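K.L.:
Chain by chain, the residues run as shown.
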Amino acid sequence: MGGAFSQLVMLGSSGMLLTALIVLWRKGVPAYITAYRWQSWLLAALTATVGYYGGDGQLYWVAALLLGLKGVAIPALLRTMQRRFGTEREATPYVNTEVSLLIASVLVVFAYLLGRPWMALTQLPTRQGLPLAMSVLFVSLFIIVSRKKAITQVIGFLMLENAIALLAVVGTFGVPLLVEFGVFLDALMGFLVMQIFIYHIHDTFDTLDVDALARLRH
Amino acid sequence: MSLILAVLLAPPLGASSLAILVRPYRRFVGWVSTIGVALSLAASIALCTTVMGAGPQQEAVPATALWRVDALSALLALCVTLVALVAMLLGQRAGHPDREELARTRYFWIFTNAFVFTMLIAVTIQNVALMWVAIEATTITSAMVIPLTRTKASVEASWKYLLICSVGIALAFAGTVLAYFDFVATAGEVPGALNWTVLRGAAPSLHPPLLQLAFAFLLIGYGTKAGLAPMHTWLPDAHAEAPSLVSALMSGVLLAVAMYAIGRWKAVVDAAVDPSFTNRLLMGFGVVSVVVGTFSLVIQRHYKRMLAYSSVEHMGLVSIGLALGPLGAFAALLHTMNHAVAKSLSFLAAGRILHRYDTTEIGKVTGLLRVMPWTGALFAIGILALVGLPPFGLFVSEFLLVRAAVVTGRFWVAGLVLVLLLTAFTSLVHHLNRMLYGEPPPAVTVGERRDWSVTVLAVSVGMLIVLGVTLPRPVAALITQSVRGVIP
Amino acid sequence: MSRYVVLVVQPLVALALAPGLVGFVRWLKARLQSRRGAPPWQPYFEIRKLFGKEAVVSHTASWIFRATPFVVFGTSVVVASLVPLILVPASPLVAGDVFAAVYLLLLGTFFLALAGLDTGSPFGGMGASREMTVVALTEPTVALSIVALALSAGSTNFSQIVARTIAEPAAALGPGHLLAFIALFVVTLAETGRLPVDNPSTHLELTMIHEAMVLEYSGPYLALIEWGSALKLLVFLALAANLFIPWGLAFALAPGALAIGLASAIVKLGALAATIAVLETRVAKLRLFRVPELLSASFVLALLAVMSTFLVR
Numbered sequence: 087m088g089g090a091f092s093q094l095v096m097l098g099s100s101g102m103l104l105t106a107l108i109v110l111w112r113k114g115v116p117a118y119i120t121a122y123r124w125q126s127w128l129l130a131a132l133t134a135t136v137g138y139y140g141g142d143g144q145l146y147w148v149a150a151l152l153l154g155l156k157g158v159a160i161p162a163l164l165r166t167m168q169r170r171f172g173t174e175r176e177a178t179p180y181v182n183t184e185v186s187l188l189i190a191s192v193l194v195v196f197a198y199l200l201g202r203p204w205m206a207l208t209q210l211p212t213r214q215g216l217p218l219a220m221s222v223l224f225v226s227l228f229i230i231v232s233r234k235k236a237i238t239q240v241i242g243f244l245m246l247e248n249a250i251a252l253l254a255v256v257g258t259f260g261v262p263l264l265v266e267f268g269v270f271l272d273a274l275m276g277f278l279v280m281q282i283f284i285y286h287i288h289d290t291f292d293t294l295d296v297d298a299l300a301r302l303r304h
Numbered sequence: 133m134s135l136i137l138a139v140l141l142a143p144p145l146g147a148s149s150l151a152i153l154v155r156p157y158r159r160f161v162g163w164v165s166t167i168g169v170a171l172s173l174a175a176s177i178a179l180c181t182t183v184m185g186a187g188p189q190q191e192a193v194p195a196t197a198l199w200r201v202d203a204l205s206a207l208l209a210l211c212v213t214l215v216a217l218v219a220m221l222l223g224q225r226a227g228h229p230d231r232e233e234l235a236r237t238r239y240f241w242i243f244t245n246a247f248v249f250t251m252l253i254a255v256t257i258q259n260v261a262l263m264w265v266a267i268e269a270t271t272i273t274s275a276m277v278i279p280l281t282r283t284k285a286s287v288e289a290s291w292k293y294l295l296i297c298s299v300g301i302a303l304a305f306a307g308t309v310l311a312y313f314d315f316v317a318t319a320g321e322v323p324g325a326l327n328w329t330v331l332r333g334a335a336p337s338l339h340p341p342l343l344q345l346a347f348a349f350l351l352i353g354y355g356t357k358a359g360l361a362p363m364h365t366w367l368p369d370a371h372a373e374a375p376s377l378v379s380a381l382m383s384g385v386l387l388a389v390a391m392y393a394i395g396r397w398k399a400v401v402d403a404a405v406d407p408s409f410t411n412r413l414l415m416g417f418g419v420v421s422v423v424v425g426t427f428s429l430v431i432q433r434h435y436k437r438m439l440a441y442s443s444v445e446h447m448g449l450v451s452i453g454l455a456l457g458p459l460g461a462f463a464a465l466l467h468t469m470n471h472a473v474a475k476s477l478s479f480l481a482a483g484r485i486l487h488r489y490d491t492t493e494i495g496k497v498t499g500l501l502r503v504m505p506w507t508g509a510l511f512a513i514g515i516l517a518l519v520g521l522p523p524f525g526l527f528v529s530e531f532l533l534v535r536a537a538v539v540t541g542r543f544w545v546a547g548l549v550l551v552l553l554l555t556a557f558t559s560l561v562h563h564l565n566r567m568l569y570g571e572p573p574p575a576v577t578v579g580e581r582r583d584w585s586v587t588v589l590a591v592s593v594g595m596l597i598v599l600g601v602t603l604p605r606p607v608a609a610l611i612t613q614s615v616r617g618v619i620p
Numbered sequence: 675m676s677r678y679v680v681l682v683v684q685p686l687v688a689l690a691l692a693p694g695l696v697g698f699v700r701w702l703k704a705r706l707q708s709r710r711g712a713p714p715w716q717p718y719f720e721i722r723k724l725f726g727k728e729a730v731v732s733h734t735a736s737w738i739f740r741a742t743p744f745v746v747f748g749t750s751v752v753v754a755s756l757v758p759l760i761l762v763p764a765s766p767l768v769a770g771d772v773f774a775a776v777y778l779l780l781l782g783t784f785f786l787a788l789a790g791l792d793t794g795s796p797f798g799g800m801g802a803s804r805e806m807t808v809v810a811l812t813e814p815t816v817a818l819s820i821v822a823l824a825l826s827a828g829s830t831n832f833s834q835i836v837a838r839t840i841a842e843p844a845a846a847l848g849p850g851h852l853l854a855f856i857a858l859f860v861v862t863l864a865e866t867g868r869l870p871v872d873n874p875s876t877h878l879e880l881t882m883i884h885e886a887m888v889l890e891y892s893g894p895y896l897a898l899i900e901w902g903s904a905l906k907l908l909v910f911l912a913l914a915a916n917l918f919i920p921w922g923l924a925f926a927l928a929p930g931a932l933a934i935g936l937a938s939a940i941v942k943l944g945a946l947a948a949t950i951a952v953l954e955t956r957v958a959k960l961r962l963f964r965v966p967e968l969l970s971a972s973f974v975l976a977l978l979a980v981m982s983t984f985l986v987r
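Chains as they are written, first to last, in the numbering used here: chain A, 87 to 304; chain B, 133 to 620; chain C, 675 to 987.
Just chain A, same shape as in the assembly (with noise of 0.2 Å):
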């Protein structure tokens, strides 16, 4: 059993990883959304895993809830947004590809460098995906940073979402239900506010380009 899980989660988060790193690779939104769509089904399945070996059945309900949402809904919604301002391409973003890879593959290390000491300390099958999910978390945070259109920043603050979510489900096998809703809610909502957002800053601005968001200095 332990064999066979562990192989299972550790599989789904370097899938998990590796999508993160398809949005530093390619240069399209479109791959973006279905790179994020594949990384919430990978996510979904990993809980529905956990929620199968642990013997949680409060995890299947949770799973469920991440496709209908995460899977389903915010990359339709991503793809309504991006088909109407027609933001194909991600412009030359700050940091170029090569360089954005080679950054990812430090944060990666420095990932599992800060993951050790937990890995040591705790015996669950599913202690691997642990360093991974950081990665991802950190691999995120590095999107948001270095990418100048505002839909993929908003992309890379949805994958930062699946990560603490993969380390919630990786490392204490779910928080409690209640708290798993209010999460929920407030990925809903924060996502809904800056769909609301994009949609002020194009009214506003005429473009998507975080660039030109650069009136306040000092």
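Some clues are possibly wrong.
[Stated by the list, open to error] The calculated lysine-lysine pairs, modelled on DSSO-like cross-linking and capped at a C-alpha distance of 27 Å, are:
| hint | chain 1 | residue 1 | chain 2 | residue 2 |
| --- | --- | --- | --- | --- |
| 1 | A | K113 | C | K959 |
| 2 | C | K703 | C | K723 |
| 3 | B | K496 | B | K284 |
| 4 | A | K113 | A | K234 |
| 5 | B | K284 | A | K234 |
| 6 | C | K959 | C | K703 |
[Unchecked claim] Residues from chain A that keep clear of chain B, each with C-beta distances beyond 10 Å, as calculated:
| hint | residue |
| --- | --- |
| 7 | G101 |
| 8 | K113 |
| 9 | A117 |
| 10 | Y138 |
| 11 | V192 |
| 12 | L193 |
| 13 | Y198 |
Please keep in mind that the hints were generated in silico from the structure rather than gathered at the bench.
Predicted model, so just to flag it, every value in this text is computed and none were measured.
Think of the CB as a built atom: it goes at the ideal place given N, C-alpha and C, for glycine as much as any other residue.
Once you've looked at the hints, dock chains B and C against the given chain A.
P.N.:
Relative to chain A, chains B and C alone:
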């Protein structure tokens, strides 16, 4: 207790729902909100007295309950409702607004009430994860109000605010999960495991390196929300571009609520790790914030941004206070209260100045004392209070802070804080002088009626003076007991 | 005894199979593009034809130009004897070090680049500089993929790596293994001059990388270089196949085991060649400044492979 709690929390929620339902906006919605917040204020005062009456051993609430109000929560609830009441009283505007302004006002009341509601939940709830949910909700609700007038600057400010604070909050959640992970690995899944009382109780058996990592995440995460440098970059923009009523709330109490979260976690981590770890981190961030805030004040050209950077500086002082043991914590909490009153006063006065002068630049605002004698005086008092001049309350709290630094042997901190306070004093007073005196610009109407908004603000000034001259015994006792919430 | 068999017979088998491999890829591509295409054994005829022709050498060329075909061919042959193709020697005494193999191949590439510069032809120089760029970017990835394998096996010796993978098949399905395989595959495409890095069938000099370096070669020299390049492709594919999916390799000199080893090698190489053919039909050549992006991505994959293998220990 639970009845009082319900009276505390229900009015803002009810007012927000009312504002959603009433379409188009009617004036009575604003009045209902204000009366509601007044009720909440009464409830928070009742909470304070109940908490004081129960004495230091107030363990009547089971550890698995969702809500729990101890002295620290009561103190912060008091600050929140007080500032909210003052802000809302000033929000009742006379005159006949047009349809667009009606829609904006409706928006304003919906989200401001929701904002106050989420802040109150954050300080009274016992579950740290739900506290996190409430604080994230404050980001969302306040972000909705900032771009009330859809200008390029306000949209930019609100986008930065939303993104940076959401990222910070997400990191704080990561820290929460880490601490929870440690707890579950040690003690198993206990109901109420996420309540901070349970965490604090179990803390000695948790693993220090993990908790240290968790605290680092939490400090960076909640510190972003509290405006600690170097995560403060959203603060000047957001606080300057928001409507001044919202700025008063954000600058006065939202930052304090974020520091409250940090304080609660400090109590948990200190029970497991040697306090010097958290103290060093808090001290570091605090000192950087004070330095950054002060030096940004020197070259400021916009008065609202000036006030915002002053908030960064004061939050840095609070952070330093939390790092200096019980004496410092007392000073920090007193400072939080004083700052809430003074900053809200300043922002509300600044809002009136903006309304009259229609510019945010310090250079363009001249002859304030002649154009708006009452508001000018109030603004001047606010600024003088913020720089720590007696007889206002901030002098006392800053003095106590420096004393705490000296008593614990940190002379360099005391010296640095004094030097920086002096720098802040010089720059703020210099800017103030430019604004107060001189010839008024030709396009501005001179003269001001003394309406009741001025009276409300004068009451705030009175409170500041009272806090500064004689710290009332009940308040002092409340703060002393609150310190136990941070330093066990 | 098995050492000598490996040292002599394996390179001969590899030499025999290599042109067929290249021909197979070409033939499959043609079929996928709805063309008839030359039969898979066409390269054998081409090599024989080239050996019969006269070699024309520029006046300005130095000894490097004449030596390079032998270096390229020679290193490929030596590496073919090191790589586990059919037989894995039981004792680790044969210098079966992965690093040795990779860097011998690099020696050949280095000489080829020099030869490109040697004649003074502008296309040669262009090809040489491009090739060096690509190689500089692939070397860290190769090293890391090897380290990922070596970490789990505890040694960089081929036989030990293969033995370890066979002993613990569960580890072979781990993400570390998979990531290292993908990274190595991308490196193979880059080092052997396949799409999307370099189009092997292009006739436009400005788009060439590998072909540009060998533009000046003719006759037997060209035959040796073509054969050596085909052998390089075979060696890389054999590495990718047999290090990661080693089942079928012979461990003893029994004729049955050897036959199985040969058959499985042909099957695996054929499968990988088919993958290459499909990939080449599917993707377009990357513009040169995009190649580092692809290679950085493969570097990150290799790094992740190392990280995950490191953890599993």
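K.L.:
Each hint should be assessed against the structure and marked as holding or not.
P.N.:
Against the structure, the hints:
no., hint, verdict
1, A/K113 x C/K959, "17 Å, holds"
2, C/K703 x C/K723, "23 Å, holds"
3, B/K496 x B/K284, "21 Å, holds"
4, A/K113 x A/K234, "11 Å, holds"
5, B/K284 x A/K234, "17 Å, holds"
6, C/K959 x C/K703, "15 Å, holds"
7, G101, "20 Å, holds"
8, K113, "21 Å, holds"
9, A117, "22 Å, holds"
10, Y138, "18 Å, holds"
11, V192, "19 Å, holds"
12, L193, "14 Å, holds"
13, Y198, "14 Å, holds"
No hint from the list above goes unmet by this structure.
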